Each structure stands twice: as C-alpha cells, then as structure tokens.
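Go by the hints and put chains L, V and Z onto chain R.
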Amino acid sequence: MLNIVAAVAGRDLKLAMRRQADIVSALFFFVIVVSLFPLGIGPEPDLLRKLAPGVLWVAALLATMLSLPRLFADDHRDGTLEQLALAPHPLGLVVTGKVIAHWLVSGLPLALIAPVLGIQFDLSTDALLVLTGAILLGTPALSGIGAIGAALTLGLRGGGVLLSLLVLPLYIPVLIFGAGAVDATVSGLGGEGHLSLLAAMTCASIGFAPWAAAAALKIALE
Amino acid sequence: MTDRFNLYRFASPATFYPLAGTLIPYFAAIAAVFGIAGLYVGMLVAPTDFQQGEGYRIIFIHVPASWLSMFIYLVMAGWAAIGLAFNTRLSGMMAQALAPTGALMAFLSLWTGALWGKPMWGTWWVWDARLTSELILLFLYIGYMALTAAIDDARRADKAGGLLLLVGVVNVPIIYFSVKWWNTLHQGSSVNLTKSSMAETMLWGMLLMAMCFWMYSIAVALMRVRTIMLERERHTDWVKAILAGGEQ
Amino acid sequence: MIYWNSFSDFLAMGGYGLYVWGSFGVTAAVMLIEPIAVARHRKTTIARLKRQLRAESRTTAE
Amino acid sequence: MLEADNLECVRGERRLFAGLGFRLEAGELLYLQGRNGAGKTSLLRMIIGLLPPETGEIRWKGEPIRRAGESFRADLCYLGHLNAIKEELTPLENLLAAARLAGEDLSEDDALDALEQVGLAGREDLACKYLSQGQKRRVALARLVKERRPLWVLDEPFVALDVAAVDWLAGLISAHLQRGGLAVMTTHQRVDIPAGTIRELRLS
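Going line by line, the protein sequences match chains R, L, V and Z. Under the numbering used here, think of the first position of the first sequence as 1, with each following residue one higher. Under the numbering used here, think of the first position of the second sequence as 1001, with each following residue one higher. Under the numbering used here, think of the first position of the third sequence as 2001, with each following residue one higher. Under the numbering used here, think of the first position of the fourth sequence as 3001, with each following residue one higher.
If we strip away everything but chain R, and leave its shape as in the complex, we get (with noise of 0.2 angstroms):
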C-alpha cells in the first residue's frame, strides 16, 4: 500500500525536478506579490506587521493555485493517467502519493521562503517560527482540496479560472487559521490553537480528499 504511493510521489518528485523551472515560477509568483504589498500600502511597520498573516497566506493561496491544473492534466495527455487508473491498487492511494509529491514541490518551498518574506514586515522571532509552522501544516490541505479541484476540472475549458472558483472558497478555513496563528503571535496571544486546528484540517484533507479526487478522476476518464 505504502509502495504505490511512495512509487506515484518518486515518480512525479523526479519529473517536477526535471522541469525545475515550474517549482521556481511559482516560488517566484509568491516573492513577487508578497513584495509587491509594502509598495502598494507604504513602509509603516506597524501597518506592516499587521497586514503580514494575510498577506502571505493569500499570496500562498494563490501561489497553490498556479501549479494545480498540471497536477493531473499531464498524466491526462499523454494517456498515463488511464494507465494509473488501470493499476490494480485502488486510485485513491495514486492521488495520495500525487498530492505528496505536489506538496513537496509547491507547499515545502513556500514554507521555506515565507520566514525571509516575513521580515520584510518586520515579523519577531516568534511569529517567524510560527508562520513557517503554519504554512508547513496548512499546505497540505491546500494540496489535498485542490486535487479535488483538478480532478473536477480536468480537460475543460478554461479549467485554471473554473478552478479557482471552486477551490479558493473551499481554502478559507485554511486561510483563516493560517493567517489566525501568525496574527494570535504577533498580539502575544499564542498560536498553538491555531495551529492545532490546522493540523486537525490537514489530517482530515490527505485522508479525505484523494478518495473524492479519485472518484472525480474516474468521471473524468468515462
């Protein structure tokens, strides 16, 4: 069981790692409108460091959404996808080792750059380790509902924008206890519930949402 899924996230961890230049657009997507805020709202720390939570978790949001059409569209394209379909393992496990493959190239990155995106804000110490935090234990869901998304949109038209639209509604818990546990550190309030209820959603996502992607690839593939 633990094979095909660790098999599916090699495979798709060694192909994202021969087209580096997708992870990196994307890592850049985030940087550039994550900068792009002080410029628009002025320099005013306070403002600043208020303003900080929100904005790197939209910025992270939307950052999740540039990769999500090619989660399963290549695989729809050139027929691998029926061929992952066709596995005598259920599909569900295949999207789990996608989704953990897509989590390690959009997810992991963003949680790695946000701590140097936060001192742009003039974040403490505190709510540093805390967005990092945050931003690990929340995209994973990001990744897991947006399966659902691509699942659902695979081969239409204008599938990217379509996506957004059913995805991004279905983020804001995510948002709001991301940006919640970063805006609770830096009011001194503490982030640890936050981030629990965080955790709790991300667990329920990876073990919810491939089974849901799955069926949604297998209306796809009729």
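Rather than coming from a laboratory, the hints here were simulated on the basis of the structure. Here the structure is a predicted model, which is why all the values come from computation and not from measurement. One or more of the hints may lead you astray.
No more than 16 angstroms apart at the CA atoms, straight line, and that leaves these computed lysine to aspartate or glutamate pairs for EDC-like [to be verified]:
1. Lys1240/L <-> Glu3013/Z
2. Lys3129/Z <-> Asp126/R
3. Lys2043/V <-> Glu1231/L
4. Lys1118/L <-> Asp1128/L
5. Lys3129/Z <-> Asp74/R
6. Lys2050/V <-> Glu1231/L
7. Lys14/R <-> Glu3087/Z
8. Lys3136/Z <-> Asp3162/Z
9. Lys2050/V <-> Glu1233/L
10. Lys218/R <-> Glu82/R
Away from chain V, derived, C-beta distances all over 10 angstroms, residues of chain L [claimed, not checked]:
11. Asn1087
12. Ile1142
13. Asn1183
14. Trp1204
Even glycine gets a Cβ: it sits at the ideal position worked out from N, Cα and C.
Same frame as chain R, but now just chains L, V and Z:
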C-alpha cells in the same frame, strides 16, 4: 415492492415531466396564498420592534431567503448523493434546476442583509459570520453552476457537479464555524444580532413567508427541470411526441 | 387588527422606507423575473427542438 | 473467460451500439472492426472498466469486472492510442516507472532486454522527447515484451510502425496467445497473427 416500483417510475423523466407540469400551478398558487398571508401579517398586522423600529420588517424576507439558500443547497446535495449512488437520470437534472434558484436566494439574503445592516449597524456590509458564510455559499453555488456549464456531456456534468456538491456540503459547516470563530476573535461582540424576544405575530409572518419562498422555489425548479428534460431527452420518443403534439 | 394609521405611515416605515422597500422591491422583482426568464427559456428551447426535429425527419425521409 | 452480454453504449446523445455481446476463451484474439466513430474505443474502454456500460455486463472469469475491481485489473494490460510515456524520462526510466506503478517487479536487465527487442538499444539514456514518433511508440510497446498478464487490450497497436516492427509485434501477440493469453484489439490494417483463434466483431 410496489412502493419501490412506483418510486422508480416517478424517477423516470417520461413520467415525471407531465407530473411536474400538473404540479407547478398548485405550488405557484400555494406560494401566492402564503405570500399574501405572510405579507399581510408581516407588513400590516405585526407591531413595530422596540429596538429596531420598522426596519426589522426586512426580516420577513431576509430570514426566509437565508433559510432557503441553505436548504436548497442541502436538497441539491441530497439529489447528488442519490444520483451518484443509484445513477438515476432525474437527480442530476433536479440539482441543476435548483441551483439558479438557490443562488438567487443567497443573493437576496445578502442584498436584504446589506439593506438591514445599513440602518441597524450603520454599514452596508459587516464581516459578520452569517453574512460571510452566506457570501461563501453564493460562491459555492456559482462554482457549481460554472462547473456543470463547462462540461458538455450531461451525464459527466451531473456526476462531477454532484461530487462537488457533496464536497461542498462537508465543507459548509467547517467554513461556517471557522468564520464564526474568526469573527468573534476579531470583532468581539460589538456586532451582534440582538435576539429580541420576538412577538408571536412576527414569528408567524416569518414562517408564512418562508413557506411562500419554499413553494415558490419548488414551482420554479419544476419549471426549469421540465426544460432541462426536454433538452436532454430530445432523442427519445416521449419528447418527440410532446414536441409533435404542439405543447407550448 | 391593522397596525398602521395611514398609508403614508406605511410607506415611510418609520423612516426606514428606503431600506425596507428596497429589500421587498428587489425580492419581488427577482421573484417576478425568474419565472418569466425560465418560461422564456423554455419557449425558445421548445422552438429550437421542434426545428431540429423537423430537420431530422426531412433528412431521414429523403 | 471474458464474456460480455447485452452491452449498450451511449455517448453524449448518440447510441453507439446496443445488444452487443461476445465470449472469448484462453488463446483467442478478438478483432474489433468498424468505421470511425462506431464505438470501437468506447467498447475497449468498457472492457477495461473505465466506461460503465449503459446496460449489460462484462465478466472476467465469471465475475462482473465492476465487482472484481483490483483482481481484474491485476490480470489486465491495456495499451491505449496514447503512449503513456513521459517526455522528460528516458525509455528505461519510463519502462521501470510504468512497471512499478502497475505493481510489477521489473528488473533493470529485463527492461534493457525489452528495449533491445523493440530496437531502442543505445537510446536507453536519451530523454524520450528526443525520440521520433515511431520510437516513442516502441517504448510504449516495450511494456508488452515481459508482460505476462492474461488479458491484453490493445487500441490500434500497429499504427505508426514500420513493416519489421509490425511483424515483430504480431509475433509477440502470437506468443501471448500460445501461452493461453487473451487479446482484444482494434485495428484498421489486417495483420496476420500466426497463432491462436481469431474472432471478429464488427460494429456498425
């Protein structure tokens, strides 16, 4: 066994189409009766609210519209579950027929909420948990309609839309509680709908209006589902017979 | 039984007239326009399907 | 072993076929014929279980394939008209990855051997995007060399192959049938398969 047989029979578009046609005028008439009664009680009989003055009368459409917007989403998800489990053709058509009405109810809820908020809270929009959730619900409706519209094959549209509805229905409570929690954290209790002990006539007015909205939604959805049926089943004999028979 | 003293009182809604009637007006408009739009859509659909049916029967007859 | 009864296929608004059935035993090959749009590919997709039939049922070893699920898919090898290879990976990597994802153990020696048989010796380490159309098809076909699953479903396997490759593939399918395997395939060109019983099904 006969019950089961009948259920299946009504689930077939060929039997449901004429049945819906007969039912629509009744639902429309019931909606009108409830509407008149509700407006009479709500607008003419009910006394003013001691806190909110006459402005509270918006409640007679705001609350029914909000209820219906949530209720219709649940009903659509129910149809979706039936459709995915039993592969019935009617389910997807019903879900699609209900979606625009549900979206309109969500819109009305937001619109009346804004018009209520302005005199009461001094602002058109507050990030109140209820209003925010209602906005997200509207997004979910729009997402569903956009998805089903983007898929050319009707059966695939039904199944994909159904799956989205089920995912949405799981998420709605999560979204509601996270927004609520976020809201209390940020706003404190400054904005709170005061739960004034509602006069009995007011409650009656609200219930009557809710019944009116409910019956109205059924009537419109049935109208819409009949068109969808004709379109989807245009190659079947029963539709050809109807078209040849010159029905308006 | 009726609560209002005069019709102009009713219209003014204790100063909230704009908001109350704005809500009720838009709701009434929506509930009027929606069935009309659905009925019109139905009519055009039926007309189009009839045309298609005629075109089909003509091609099969030939 | 493979039976289908009363299959009906509706795509969009069109009914492609109805009341279709067949039986296929070990060592037999089923040719699906018919003009474009007759539903050949749809029937193949029904047989592999991706497309549920409107009515009717397909059984493998007596059990409906929808119920058999994974145990049916463990007996199935499908080659679609898409190659299912990754442009960024080398032929060798493609072959090994495909085997792993299909839940099989394929040693590197076996994979190299298969690539040699399809005439790709010396190109094992070149990313597939540098290969020609025909060579890419050969990478896809290389999967069949070590394939020992009993049921092969092949969609237009001879397209884009030169004469020598067509003969080689015909020999491969023959060997599969001789081992007691079953094969279902669509093809425009008649190719002589030297062994096994050949059945035909014409979709109109």
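Holds or violated: Lys3129/Z and Asp74/R, Cα atoms, limit 16 angstroms. Cα-Cα ~14 angstroms, so holds.
Nearest-CB test (10 angstroms) between chain V and Asn1087/L: Correct as stated: the minimum Cβ-Cβ distance to chain V is 25 angstroms, above 10 angstroms.
Straight-line Cα separation of Lys2050/V and Glu1231/L no greater than 16 angstroms? 11 angstroms, holds
The output says Ile1142/L does not contact chain V. Does that hold with a beta carbon cutoff of 10 angstroms? 16 angstroms, holds
Check the hint pairing Lys1118/L with Asp1128/L against an upper bound of 16 angstroms on the C-alpha distance. The given pair, whose Cα atoms are some 13 angstroms apart, holds under the 16 angstroms limit.
Given the hinted pair Lys2043/V and Glu1231/L, is their Cα-Cα distance within 16 angstroms? OK: Lys2043/V and Glu1231/L at ~12 angstroms, within 16 angstroms.
Hinted pair, alpha-carbon criterion (16 angstroms max): Lys1240/L, Glu3013/Z. Please report holds or violated. 14 angstroms, holds
Lys3129/Z and Asp126/R were given as a pair; does the straight-line alpha-carbon distance stay at or below 16 angstroms? Violated, because 48 angstroms separates the two Cα atoms, which is more than 16 angstroms.
With d taken as the least Cβ-Cβ distance between Asn1183/L and chain V, does d exceed 10 angstroms? 23 angstroms, holds
Need the status of pair Lys2050/V, Glu1233/L: alpha-carbon distance at most 16 angstroms? Holds, at about 13 angstroms.
Quick check for students: does the CB of Trp1204/L sit more than 10 angstroms from each CB in chain V? 13 angstroms, holds
Measure nothing beyond the straight line between the CA atoms of Lys14/R and Glu3087/Z; if it is 16 angstroms or shorter, mark the hint as holding. 12 angstroms, holds
Checked against the numbered hints above, the structure violates only hint 2.
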